[in-house]
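2 protein chains.
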Amino acid sequence: MTGLTPGATIGILGGGQLGRMLAMAAAQLGYRTHVYCPDTEFPASQVTDRVTRAAYEDRETLQAFAESVDVITYEFENIPVETVGWLAEDVDVFPDARVLEVSQDRLQEKAFINALGIATAPYEGVGSADEAVDALKTIGYPAVLKTRRFGYDGKGQAIVRSEGDVKAAWKSLGSDKNIVEGFVNFDMEISVIVARGRTGEVKSFLPAENIHTNHILDVSICPARIDQGLLDEAVALAEKIVAELNYVGVLAVELFVSPDEPRLRVNEIAPRVHNSGHWSIEACPTSQFEQHIRAICGLPLGDTRLYGQAVMKNLIGDDILELEHLLADSEANVHHYGKLKARPGRKMGHVTRLYPFDHKVDV
Amino acid sequence: MTGLTPGATIGILGGGQLGRMLAMAAAQLGYRTHVYCPDTEFPASQVTDRVTRAAYEDRETLQAFAESVDVITYEFENIPVETVGWLAEDVDVFPDARVLEVSQDRLQEKAFINALGIATAPYEGVGSADEAVDALKTIGYPAVLKTRRFGYDGKGQAIVRSEGDVKAAWKSLGSDKNIVEGFVNFDMEISVIVARGRTGEVKSFLPAENIHTNHILDVSICPARIDQGLLDEAVALAEKIVAELNYVGVLAVELFVSPDEPRLRVNEIAPRVHNSGHWSIEACPTSQFEQHIRAICGLPLGDTRLYGQAVMKNLIGDDILELEHLLADSEANVHHYGKLKARPGRKMGHVTRLYPFDHKVDV
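Residue numbers (the working numbering), protein chains in the order written: chain A, 240 to 602; chain B, 240 to 602.
Because the hints were derived from the structure by calculation, they are not lab data.
Interface residues of chain B toward chain A, partial, derived using beta-carbon atoms under 10 Å:
| no. | residue |
| --- | --- |
| 1 | T244 |
| 2 | G246 |
| 3 | T272 |
| 4 | D288 |
| 5 | D542 |
| 6 | E563 |
Beta carbons: idealized from backbone N, C-alpha and C, even for Gly.
Could you build all of it, start to finish, from the sequences and the hints given here?
If you want it as structure tokens, here you go:
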């Protein structure tokens with residue numbers, strides 16, 4: 240058959256909940272998985288055929304891993320680019336190292352997006368607190384100072400409301416490769432989960448509306464409650480990005496929706512399955528996880544139509560204490576990631592509810 | 240919480256596709272699984288946290304297995320009753336040994352069903368070819384001679400059309416504990432997947448219509464195309480059976496639907512998840528696999544309503560060669576069990592399609 244035949248093994252770098260749900264989607268299609276993760280105990284280990292516990296810098300173990308699998312992917316974008324480069328000498332890795340490089344660096348990422356004619360927040364790369372002060376003269380206050388690399392869930396960023404904040408903010412980042420980002424006046428944050436297959440075929444899910452609490456995704460609602468024109472435009476932008484990157488796999492594009500022109504600005508892209516697409520497990524014929532497996536294995540992409548309005552709620556930290564009630568709620572599709580300890584900010588699971596399209600969500 | 244807390248480990252005896260789909264359902268709820276199976280290579284090993292490869296008679300290894308888990312269940316009813324008895328000394332096993340004993344023996348099973356006032360085919364236990372000839376004088380020809388134990392997918396049975404067939408049929412079974420079953424004049428075979436929780440709560444899925452080819456399930460259609468009265472009656476019979484057995488877990492009840500009274504006769508019961516309930520993965524909020532996990536873990540049972548008409552087709556042997564087309568069919572939810580070799584009669588996967596309730600199935 241075209242693409243990898245079921246029975247083949249998919250290597251996954253990273254063993255968190257995304258790796259876990261990728262492994263389960265792979266299994267439904269008959270693929271085996273081999274998860275590579277530096278941790279001793281991790282969610283994906285419970286649902287995979289093989290596990291390698293080693294560092295991402297351990298070149299010898301990486302090579303043995305590459306030789307044991309038929310294709311490699313990853314669950315998060317903070318894998319070292321060199322790691323992917325080494326692996327790619329032996330086996331296909333999707334998405335490729337170039338994409339990883341772009342998405343690891345906020346400066347490169349924004350430059351790439353702008354080069355496609357797509358708006359982002361105003362930004363400037365800065366190498367010192369003084370440069371930041373200079374850049375902010377153009378960009379204006381309030382603004383956000385962010386590290387160029389390794390930021391997620393609100394980590395690696397600080398708000399600056401006036402010049403007096405800059406020094407302390409700079410120090411708090413602990414990095415001297417940063418960017419200054421101007422505030423965007425937005426009504427809503429949305430995301431598009433888009434997939435591109437090995438043959439160039441592209442399919443998107445409907446955009447979801449994302450509500451964050453303490454910088455962590457709290458609720459996603461799909462479709463986002465914006466007009467059809469904006470939904471279509473957001474999908475078109477996401478599809479332009481994957482086409483331009485010759486991307487293979489699922490990519491998440493986060494956007495701000497503004498009352499002013501340009502109505503859509505890309506906030507960031509994530510070269511992987513994404514928390515804001517978890518509703519697709521119940522709400523669509525093909526989940527984002529299955530879609531990613533299909534894309535990297537060279538299978539035709541699956542159907543992404545939405546059965547109804549979907550509302551996904553993350554279970555973060557002690558939210559997991561609601562589990563008993565959720566399990567008794569016939570509308571709740573409960574996912575528990577198998578993590579034994581709840582810590583503040585730790586993603587422990589999620590719940591998806593499906594409603595008719597005309598349902599009024601109370602969020 | 241009431242019931243086993245996610246993070247607990249479920250032991251599963253048997254590692255085929257049913258064990259595999261049970262393990263995946265357990266993982267979605269955050270449970271770990273430990274699969275015990277005598278085979279070297281088996282489908283469930285690819286999706287479970289732990290594996291023990293040993294015989295069902297290996298008491299020492301069974302004890303270590305029991306000590307490593309919080310509850311035990313099984314994927315098929317031909318596990319030795321003693322094995323379950325040994326395990327139950329150390330840990331809860333659901334369904335219990337008594338149920339297993341009844342369902343392993345066609346004679347006990349039919350006597351139990353009849354004692355509830357529920358019809359079966361006419362039958363008689365026979366210990367020799369001569370006894371069979373005698374019994375057939377009452378039951379009449381044609382009839383089926385079946386081994387009392389270890390029959391499935393048409394194995395362990397032979398049709399007898401006249402007295403002249405009995406001797407050869409008897410010999411072909413290779414057993415001297417058999418039963419004679421009269422033919423039932425039926426229009427359709429249906430099954431009810433019913434669950435009973437540890438608190439006594441009972442929930443059924445809608446009955447499915449089952450079409451067999453070469454004695455192996457080929458297609459299940461849910462709901463079965465019979466009138467509402469019969470659907471309700473079938474569910475009531477299934478719920479009576481689980482209540483009477485103090486059953487815990489999912490049980491499948493296979494029934495014949497006749498044009499004559501009694502319209503429903505129980506063919507057999509299977510104390511486990513069942514091939515004729517696989518459509519529940521996509522067609523219901525809770526699948527039969529999740530329902531079984533909920534039941535044995537002491538959680539509330541999940542919602543069993545049907546989203547639409549479901550048609551499940553088994554992929555048997557070389558049917559798996561259609562895989563490429565199925566993966567390109569946006570209506571097909573494809574499940575591949577990860578078995579590397581297709582043999583005639585081997586269940587390699589299945590495909591479920593969902594339609595509106597008023598869809599006319601062409602089967």
